[in-house]
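K.L.:
If you're matching them up, the sequences are chains A and B in order.
Here the first sequence is numbered in our numbering, starting from 9 and rising by one per residue.
Here the second sequence is numbered in our numbering, starting from 1251 and rising by one per residue.
No lab work stands behind these hints, which were simulated from the structure alone.
Treat the hints loosely; a few may be bogus.
Said to hold, decoys possible - Computed footprint of chain A on chain B, listed as stretches where at least three residues anywhere in the stretch have a Cβ under 8 Å from a Cβ of chain A:
1. 1284-1293
2. 1666-1674
3. 1740-1746
Here the structure is a predicted model, which is why all the values come from computation and not from measurement.
The beta carbon of each residue, even a glycine, is placed where N, CA and C say it ideally should be.
Now for the letters of each chain:
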Amino acid sequence: MIVLLGAFALVSLVIPALTRRVGVRVFFITAIIPAAAFIYTLLQTPAVLADTPPTETIPWISQLHLDLSFRVDTLSWLLALVVTGVGTLVMLYCIKYFAASEEGLGRFAAVFLAFTGTMYGLVIADNVYLLFILWEATTVFSFLLIGHNTGRLASRIAAMQALIVTTAGGLVMLVGLVMLAERTGTASLARLVDLAPEGTAVTIAIMLILVGALSKSAIVPFQFWLPSAMAAPTPVSAYLHAAAMVQAGIYLIARLAPGFAETPGWQPLLLGLGVFTMLVGGWRALTQVDLKLLLAYGTVSQLGFLLTVVSFGSRTAALAGVALLLAHALFKAALFMVVGLIDHRVGTRDLTKLSGLGREAPFLATVAIIAAVSMAGIPFTAGFVAKEAVLASFLESASAGSALGWIAVIGVAVGSTLTVAYSARFLWGAFARKDGVETVRPLHENVWFLSSPAILALTGLVLAPLFGTIGTVLEGYSQQFASEGYEYSLKLWHGFDAAFFVSAATLLGGLALFWARTQVFSLQSRVPSLVDSNKLYRSGLRTLDRIALRVTATTQRGSLPFYLTVILLVMVGSVGSTLALNRTWPDSIRLFDSPGQLAVGTVMIVAALALLGAQKRFQAAVLVGVVGYGMAALFAFHGAPDIALTQVLVETVTLIAFVLVLRRLPARLGKAHGSSRRVLRAAVGLSVGLLMGIVAIVALGARSADPISVSLPELAYEIGHGRNVVNVVLVDIRGWDTLGELSVIVAAATGVASLVFLRSRTDNLPRVSETRARGTIRARLKPSREIVSSEYLPGVQDPSTRTAWLLAGRKLAPENRSILLEVVIRLLFHPLIVLSIYLLFAGHNLPGGGFAAGLVAGLALAGRYLAGGRYELGAAAPFDAGRILGVGLVLAAGTATVPLFLGADALTSTFFETTIPVLGHLEFSTSTIFDIGVYLVVIGMVLDVLRSLGAEIDRQREESSESLESGSTI
Amino acid sequence: MSALTTLVVLLPLLGAAAALTQANRPRVQTLIAVSVLSAVLLIGAALLVAVNTNGAIAVEVGGWPAPYGIVLVVDRLSALMIVVSAAVLLAVLVFSVGQGLADGDRETPVSIYYPTYLILATGVFNAFVAGDLFNLYVSFEILLVASYVLITVGGTKPRIRAGTVYIVVSLVSSAIFLAAIAMIYGATGTVNIAQLTVRLAELPADIQLILHVMLLIGFGIKAAVFPLSFWLPDSYPMAPAPVTAVFAGLLTKVGVYAIIRTEMIIFPDGQLNTVLLIVAALTMVIGILGAVAQSDIKRLLSFTLISHIGYMLFGIGIDTAAGLAAATFYIVHHITVQTTLFLATGLVERQGGTTGINKLGGMLKTSPLIAVLFFIPLLNLGGIPPFSGFLGKLALFEAGANNGSVLAWVLIGCGAAVSLLTLYALARAWSMIFWRDAEEVADYENPLAMRAETGSSPVVESVRTTPRIMVGATVAMVTVSIALTVFATPLFDLSANAGENINGPAYYVNTVFPGGLE
């Protein structure tokens, strides 16, 4: 069985490619697989009869109780025969149905075959989750099949509808299955039915499962998707909507009925819905003018009928139910194929336009009649035998005094009357000669085309007398139900019993109804349709869309302040409420260690508050800076000169970057919003601040253990050979963090550059061309890529006649120059660089370190830029910032990696000390190499910021002002 | 093995550095990036095997003993995440190589793209191995700063705007996370996770709760948990397709991973399980409603991303080994499928020139392969069996049913409904893009009028050819996503074992402190 399923899957995959070669004949190939499955199932008959169901199991995901287990008992056997047999015939039918030029043929054939395989798997699956998998797979394949005519809006909507309705049902079912499997501890269908657990949870689970089954089988209130699905090509309707998919729900209910028919609510619910569906479907079928729709509503009606019978829960009803299932598959698939033929040959399925087709196409008409009489349940047909059994069972129950039995009898009788009427209408509509309608002239077709429906119809005819034998086979299923004290067997003729009289009455009634069709028609137009689920579905979707829009419009404002407010409010709400619940408060709070802290703290708070009212960007930047310098002061008060120094440098560089950026922004901050919002935001901000303060008090007050930092100085000196704890922590103990932060710096610098240069930054080193350079500094400049033209800015003197303190000072307009600044920078630059190198190497034992050192060097460069402009920067640092960043990162990451090759952990440092004459005692730790990496990365970053936010923006401004000027002169 | 652990982080970092020095040689950069990520993928696989057979690994970086130095921890969950992330990063990289070659690097200026991408990878990998809360923060910073650069690549106006939202919100989340770390250090005097779990347990429950909530808010923003998720759909979709793919696939999952560590190791008492479950339900439902209302595929997918974070929280909130196993499996599934969908969207965008659902049509005829490449992950995300999305949901439902509380059943119900809505939103989009005729597009009644589209851009007829590399990378991802079903058994075994490992901190503490703590 599993091999067969594999074959289905594999062949489906190659079909599209194959179709390109062989065209429509590909259906011969696809027919082979279901045919093989059919034959294989037939070969299993002895085992099934002997009540030793063949099983196959491949364990799959045991944690989820999901195994590939299959089991062919009587019910599965019957359905397997139906789905594979009808499947084979429909495939053969496709050969003639589709033109070779049909669009998407390969896709269709592949999906169709896959569907057939899934259906086969579905009816033989024993694991509930496997069943669900296949169940949903049929949904998806049917989505693709219904939407085959992709260009038509109607097919797309119908496909969507079928998908949504059946998936919705399926998911509800899944929840039920999970409940059931969880409660019983088994996922085997057969075991579940054997165990037949009870209880509220089981009842809920069963109800959920039923929702899935009912939606699949198009039972009210889910019936609407089926008629819409008629947008599909006819072979799809013949297979999915007659023999296969829609029967899946019925199959599942039949499968569960032996164990769960006694579940509270099962009988009244299913019987009610079944009868109702049967009546609604039949009633609607009577008014259809499209033959296919007529059959579709007929199918809805028949599904209701089937549901009524298989859910009834008595032994005879069960037997009747499976017989009816077989009969229905045979005649309904045949009839759909007949409609397809009519459509093909005449070009219409509208019964008001068809006239005299019976005479023109006698064989077709014969096949249709054979199938239709079975549908109507005329004596000596398969449909009749099944219906007799149904009525006998229901009458037995009714005569035993069961109210449900009476409802069933009456419902089925009325429903059958309608069935007879619409069967007659179908035959009349398709084949009869009608007054005032032109006789159709059908195309002639190959007899082959007719073979599939003919075989099905004739099978129904031939099987009818054999139903006695078939009945004994099917009893394998029905005997799972408790005996009712009498044995009913399927027979072609039971004599003139009560069931026959009911049957006969429905026949006459139905014919009468057909006779009076005009009156019926006018009556129907006056009776409003009771359940218009289609409308419900559509308005449901519209409501969903509307709700979705409203919810999304409320939450997704596209406003950053709104998002931040929400985040902070969540924080205030949640952290605030935990604080409110908190009962562990510290006994005493020490507000400050020294008055200096108090003073600095006050300044910081005032600056932060002033920031809220800042009107200009520059003002805001400075106030942020004040807070930052205040932080540095606090570090200093805590006895951390390193951190304080670094913080001061960071603040300075940040301030410079800010100022550089601000040149491109409007001076004033954006317009203030209304006062209410400002109040809200201020309130939120203040609450967050207060909250953090209180949390800090609580958290610090709760400490009982010693912090790990207590041991750090000792560790740093003993193992790290450094007296500067901060530095050893940064480059060694927590060097891994530093390495990470280096990559942050690299990424940030790269990002700033990428935003300003957009394309590539490597080609933008501004330099003064060598010929104009002066002195030794320029001698080492490589030929520049950006040659500055000889046109100088207005007011700049010819460089040859001037000497300047700074190289590129001559590129600046005089009003932008400051001689004093140039002089100071010129004097300070080299000492600063030397200082930075000192800080770099001293850092291990004294305040300093790569980070601070890099910042100092960066500040020196910033000074050169501020005093001398972008050309000065190019001269001072004629390197590609990206490359400096890269080299720095390589050094740092390399220091981390090299120890790995020496068999140590990453970042392990090694310490050397030696005494060299003249230089004296030297100590060197490999972590210093790491620190050099840090140094380079920091310089690279500052350089990148200066290049992009400084130099490049200068250039862009000059360009735009030049273009502005040239524009004005023209 | 410990060397391999550090290499997972060091290799991409060295690669980034090397790529930076080769700014003028895009081919060399490409080679570096591809080989580095391939190497990490192999190392990750080796780690996974090693950890699965021999138990978790703890590495003391620089030889500094825990808790003083930084410790890296690889257990099954970490190793699994590394493997999946490396695979996804590699596939997306290859995809963007294809796109870059074809577009003349319009979307992805190579000289910064590859180094930044590798830095992003560094951050992601480091987050998965961090055994130190502050180092975890550093990991987040690495990946976030790299993502700031990637999201604004090209510097177009919409990207800058999206980038602003993204960066500001991320900074706020980082600040909250940092504050939480400070408070936790304040209360316990350590940031080593294994030691934290011991010391935090000694604190009064009410103080634990305060710290717990703060930490979760920080991670919740990164993981895009409702109502901290609004920023995501306004930022992710604007980035270039491969960038969005990797963001959507990975970044939020790093947040979810951090939440798992928080709930299972740092605060293992399950104080907030109920809250997590409620938030999970809201995230699922509100998120998917957003998806239903979208008319742009990228935005639509961003909302499904948020929505499905809810499923993972569901598994975490159940707080059993089965729930964790389900969440773990779901994370793996979701990383794969969400990335695949965004890559497929990238193909659609390339082929059709837009991601507006209302402007696309008739693509089944022009690009049948893309239709398939979109359809399979669509079903997968919608939880249609037999794909991994279904298996993940089934595992979650079973774990929920096993828990049996009313709230768990509500979550199961929400899970089923959200699954349906996901399918609805995606299938509708798919049928419009691929099935609808191109001619129909022009006068189509627009059911999704969420945002009036400015201007009447003409219907896009597919003219461009799509590079094989891009399609190939997408095919590879679809294959991986299908492989998750085929190899679901070992994956579930792994997830189940991971679930048992991380359910309760004892295993973790013993890994870091084999000789016991203090």
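K.L.:
Any hints from earlier that this structure breaks? Give me their numbers in increasing order, please.
P.N.:
1
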